[in-house]
Amino acid sequence: MTLAIAHRGDTTGFRENTLPAIRSAIDHGAHMVEIDLDRTSDGHVVLMHAEAQGRLWALPRPITEMTLAEIASLGVEVEQRIPTLMEVLAAVSYPRPTQLMLVANSVDTVLAADNLVHEHGMADQVLYSGSVEALRAIRARRPSAGLVLTWDRPALPPAELWQTLRPRYYSTQYRLLTRDLVTEVHRHGYGLAAWMVNDFPEMARLIGMGVDAIITDHMTELVKLTGDLNGQGASQEFTVAPSAPSSGHDQQSRGSNGVNGVTAGRRTSLTSGTQGGGPTISEPRFHVLE
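Heads up: the sequence shown runs through residues 1 to 290, numbered per full-length UniProt numbering.
Simulated from the structure, these hints should not be mistaken for laboratory data.
Just to be clear, a hint being listed does not mean it is correct.
[Said to hold, decoys possible] Beta-carbon label-pair distances, calculated as ranges: (1) G208 - L74: 42 to 50 Å; (2) E133 - A72: 28 to 36 Å; (3) G13 - G54: 18 to 26 Å.
We treat Cβ as the ideally placed atom computed from N, Cα and C, and that holds for glycine.
Working from the sequences, and respecting the hints, build out all of it.
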């Protein structure tokens, strides 16, 4: 099953990274919702993409320099205001638990988000994405956390990153994908997510190619192909089951169910890069989903 991931919620009718956008994406059958995180000056984790601070919100200064009270007083309607992560965690836990991909660039933000996730007992509903520094921090704290490694070049990252991060997904811009790359990622035991796919024929092509997840702004189009979690199509319930810490250079691939299930039946090799004939890449670059 290819997972349908809503990019910042349903942005066709609502402002991105808001509660209405998230609820609408869930109502339209998204398997997972990707949201961007930042932190206020008084330590609250809120939903915000850096580029949107001026484009959508016209904030007087960076959100990291504003308190939560200042943000709440901006005059935006309650349902369209900047929400806190705590509010979102409550919103996606009922009536049907929905999965989240949390994208954070700073270590402080991702660790604060992780605190909230575990306080709410929702670790099995969350994947973490963002900068490599943020991912390293989460992996050091949570050996079983689900990570998404985002990469912007055709070849796979070097061995050290696979070994350190042990990501559940390798995520890349869909134009970089080839059938050989999909096969290679799967051969190493990882799921593959494609972004940013908003063209229906391209969605169909990628599903046929074997990608495990598609991140899109057009959720209603994608679920026509993937099915949804509201009883339509071939989709089924799943949880983001924690992965076991890996050891050595080879381990059995993860479980046969849920997000982990994209690697069922494969052998997980952590030697991609300069050893074992795996692909190599020089001067790696990381970035968050755009």
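Hints versus structure:
Separation of G208 from L74 is about 45 Å and conforms to the stated range, judged on CB atoms against 42 to 50 Å. The hinted window of 28 to 36 Å between E133 and A72 holds, with their beta carbons roughly 29 Å apart. One distance hint, 18 to 26 Å for the beta-carbon pair G13 and G54, holds here, with the actual separation near 22 Å.
Checked against the numbered hints given earlier, this structure breaks none of them.
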